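Quick note on numbering: the working numbering labels position 36 of the sequence shown as 36, and the sequence is numbered without any gaps.
Hints in this document: simulated from the structure, not taken from any laboratory. All the given hints hold, so there is nothing to weed out.
Capping the alpha-carbon separation at 27 Å, the derived lysine-lysine pairs in DSSO-like fashion look like this:
| # | residue 1 | residue 2 |
| --- | --- | --- |
| 1 | LYS200 | LYS213 |
| 2 | LYS333 | LYS218 |
| 3 | LYS200 | LYS220 |
| 4 | LYS8 | LYS27 |
| 5 | LYS213 | LYS175 |
| 6 | LYS334 | LYS300 |
| 7 | LYS175 | LYS218 |
| 8 | LYS46 | LYS4 |
| 9 | LYS334 | LYS218 |
| 10 | LYS334 | LYS226 |
| 11 | LYS46 | LYS20 |
No experiment lies behind these values; they were computed from the predicted model shown.
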Amino acid sequence: MTYKILDKDSIPEYLDGLPKVMDVLGKGTGLDIEEIGDGNLNYVYKIRRSDSPDRSVVLKQAVPYLRMAGEGWPLSRERMTFEIRALIVYNDLVPTFVPTIYHSDEEMSVLVMQTLDDHTVVRYSMIDGVVFSDIGHDVGTFLAETLFRTSALGMESIDRRRLMDQFNLNDELCKLTENFVFTFPYMEHESNYLNPVTNKFARENLRCDTEYKLRVLKFKELFLTKADALLHADLHTGSLMANQQETYIIDTEFAYFGPFGFDVGKIIANFLMSYTSHFYHSKDDSYQNWILVEVMNIWKRFEVRFLELWAAQGESAMLVDGLLAELELREYKKRFMLNILHDSIGFCACSLARRTLGIAGVADIRGIEDMEIRSKLEIINLELSRLLLSMNDKINTIEQFESTLRSFYANINLDSLELVK
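Please model the complete structure; the sequences and the hints are all you need to start from.
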């Protein structure tokens, strides 16, 4: 089928030719179609059978430009190809954490999948102070399963190279990450967020800090050169949907092979930005304490499950029987996990700055209308970014990371924080 952008008027005809999708929707009198996407890249619609609203699907389509910037910012719609491929991999590795695919169409850049009606987008629920009892455990499990099982520790060389070939050409979205996570926020650039108070702080404290920028470049180099495992590569609280029983991971179009710590650091950064936002959103620190516990749970579960998978793994591209004695293997694993922790903290620091200074902020903070409060919270994020990037390779346990965060946040008093305008 020749590519065309679908809308509410053309979607029914398109779906009518998809038997598997129509089996889900069932027969009836008509379809109710609602645009639900609030993302930066794509259009997303929820489609329900008018007389049976419990029968529904979600349709997602990539358009040939960056949605948040408009048609003046061209972007290949092939990104949907990589989202489809990643979801297929994840449905094999972690089917309980991703939506079921009902139909995919690379020519039309369309994906039709399970509706998550009983789940909410975690970012907005966290703004409202919702507690998800198992979210840290679930996210940590997802990270361990997907990262280990697509790495050289969990696959044979030939199978892994074939899998990598499916994602090597996701170059446009990788370039977006190179620019918007590791480059533009640390310089004067037209795409950056225009809050004069926050920009003044960045100009006087970060963009002139050579050591800070060199450390950012170190992590940009890791992003460009390390192909440890298949990454989600855009894992944040807006790409999680959850309820009290389940957590789902969505929006996989950035998927590519990169460093272990990238996904881990990015999701932790988003939890920490939520923590910062609750200096404003909450009357006390109980919700912030829950967030910090879940940050620790993400890493602890990730580490435990990653090592469990490693212990159960036979020979792989990386290790063969007889290469290392038991004590040597134990030491290798210890160093391996420590390196991931160091890298995760560094990538976390970069994500804190990128989401504060770059074009794509977080609703947790940018949704606050009071510009003085918003500026204070943004500066807190930048101070934390600078702190973590200065010492990421000196934090050697998750307990030290927790202590560092608690010490930093203990010194925050929003009322007394002075702004230089």
